[in-house]
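Build out the structure end to end from the sequences listed, making use of the hints.
Residue numbers (this note's numbering), protein chains in the order written: chain C, 95 to 227; chain Z, 95 to 227; chain Y, 95 to 227.
Certain hints may be false.
Copies of the same chain are indistinguishable here, so a pair counts whether it falls within one copy or spans any two.
Computed list of lysine-lysine pairs in DSS-like fashion (alpha-carbon distance at most 27 Å, straight line) [claimed, not checked]:
| no. | residue 1 | residue 2 |
| --- | --- | --- |
| 1 | Lys101 | Lys217 |
| 2 | Lys121 | Lys196 |
| 3 | Lys217 | Lys196 |
| 4 | Lys101 | Lys121 |
| 5 | Lys125 | Lys217 |
| 6 | Lys169 | Lys196 |
| 7 | Lys169 | Lys125 |
Calculated from the structure, these hints are not laboratory results. It should be emphasised that the depicted structure is a prediction, and the values quoted were computed from it without experimental measurement.
Spelled out from the first residue to the last, the chains are:
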Amino acid sequence: MQTLQVKTNRRTEFVDITNEIRAAITKSATKNGVCHLYVPHTTAAITINEHADPDVARDVEGIFDRLIPERGPYKHAEGNSDSHMKAILVGPTQTIFIVDGKLAMGRWQGIFFCEFDGPRDRKLYVKIIPDME
Amino acid sequence: MQTLQVKTNRRTEFVDITNEIRAAITKSATKNGVCHLYVPHTTAAITINEHADPDVARDVEGIFDRLIPERGPYKHAEGNSDSHMKAILVGPTQTIFIVDGKLAMGRWQGIFFCEFDGPRDRKLYVKIIPDME
Amino acid sequence: MQTLQVKTNRRTEFVDITNEIRAAITKSATKNGVCHLYVPHTTAAITINEHADPDVARDVEGIFDRLIPERGPYKHAEGNSDSHMKAILVGPTQTIFIVDGKLAMGRWQGIFFCEFDGPRDRKLYVKIIPDME
Chain C
95 MQTLQVKTNR RTEFVDITNE IRAAITKSAT KNGVCHLYVP HTTAAITINE HADPDVARDV
155 EGIFDRLIPE RGPYKHAEGN SDSHMKAILV GPTQTIFIVD GKLAMGRWQG IFFCEFDGPR
215 DRKLYVKIIP DME
Chain Z
95 MQTLQVKTNR RTEFVDITNE IRAAITKSAT KNGVCHLYVP HTTAAITINE HADPDVARDV
155 EGIFDRLIPE RGPYKHAEGN SDSHMKAILV GPTQTIFIVD GKLAMGRWQG IFFCEFDGPR
215 DRKLYVKIIP DME
Chain Y
95 MQTLQVKTNR RTEFVDITNE IRAAITKSAT KNGVCHLYVP HTTAAITINE HADPDVARDV
155 EGIFDRLIPE RGPYKHAEGN SDSHMKAILV GPTQTIFIVD GKLAMGRWQG IFFCEFDGPR
215 DRKLYVKIIP DME
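Here's what the structure looks like:
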């Protein structure tokens, strides 16, 4: 298992980490297999979506913030229950295939670390499982 | 890795692909293992939910369209930021177990390809990993 | 594959099952590997989020119920289309890594079985895949 560091700069922020994951695949020298991603935080998540146009991530950040109000009738004393909800909606884990040493992603897809209570220093666990020969 | 073709007919549409995935399992001749599904698109997703009553999928399509408005204050020039948001909420990947050559799903469960910007010709990646003996 | 039993007590309820999953890992005697979780129901789901403060789960239950109204213009005769939508948003499957015989989770993370149409007797499938030596 590899652990990546991710630095976020805003409260809600989709950070493109596609190149970091690609580097992890290369480092593992895996030809074919599966790459599992796991976020060990409770106010952050991981997704795969368009990274060709950065406006998409900006729009999605805005939709999240309008959909789940920061100020609600919340009991949790830290005041970030909206961040937990957003993290649950996106989810803490994703699985991508590796084919011929490369991530088998769609043409427009990138991998985003989703920060919902930043800015913070975050971690991402990466586990690469090669196919049996 | 197998690649399946999925044709969608509406902008928002949950397409039942359970039989196609079952056929992929049979084709692989896997007795026990794991089946990972991956959507290589940024405005489509994959889920598992009730397929006994088709009204459930129709209701859920409606809830998505009311929850995430098609017309928002969006920057993305293509005008489909709502489609990207919906795809992120459902997610691009799912994992199902294979037991005795069959999908270990619940009685009412089916697998749905979730179109959020159709109609389009779509793909789904299927990777079946047999257990080690 | 192991099957766990989960009893829920409210219509919407996040049940902390972290200890049950830890026991399943111990039972499997797996040192390093991956643990896949799968919910074989269509109105329940599985997530990983904060369990240090139980108020977080209570707040999130409330956000779900305000976000997806129980009474909508739904066709499904059972009247629980909101439960299906909530289950789809959280998702039926998660993947966690096993390192040195323990779940590689974050400090504040716990595993929650998410009930959206309880109270009911539910099941959870657990599949543990050890790394190849």
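Intra- versus inter-subunit Cα pairing at 27 Å for Lys169 with Lys125: Answer is neither; intra-copy 49 Å and inter-copy 39 Å both fail.
I want to check one pair: Lys169 and Lys196. Are their C-alpha atoms no more than 27 Å apart within a copy, between two copies, both, or neither? neither (45 Å within a copy, 31 Å between copies)
At most 27 Å between alpha carbons: which applies to Lys217 and Lys196, within, between, both or neither? Classified as both: same-chain Cα gap 23 Å, cross-chain 18 Å, threshold 27 Å.
Please work out whether the CA atoms of Lys101 and Lys121 approach to 27 Å or closer within one copy, between two copies, in both situations, or in neither? within (21 Å within a copy, 37 Å between copies)
Within, between, both or neither, where Lys101 and Lys217 count as close if Cα-Cα is 27 Å or less: Answer is within: at 9 Å inside a copy they meet the 27 Å cutoff, but 34 Å across does not.
Intra- versus inter-subunit Cα pairing at 27 Å for Lys121 with Lys196: Answer is both: 12 Å inside a copy and 25 Å across each meet the 27 Å cutoff.
At most 27 Å between C-alpha atoms: does Lys125 with Lys217 qualify within a copy, between copies, both, or neither? both (25 Å within a copy, 22 Å between copies)
Hints 6, 7 from the list above are not met by this structure, while the remaining hints are.
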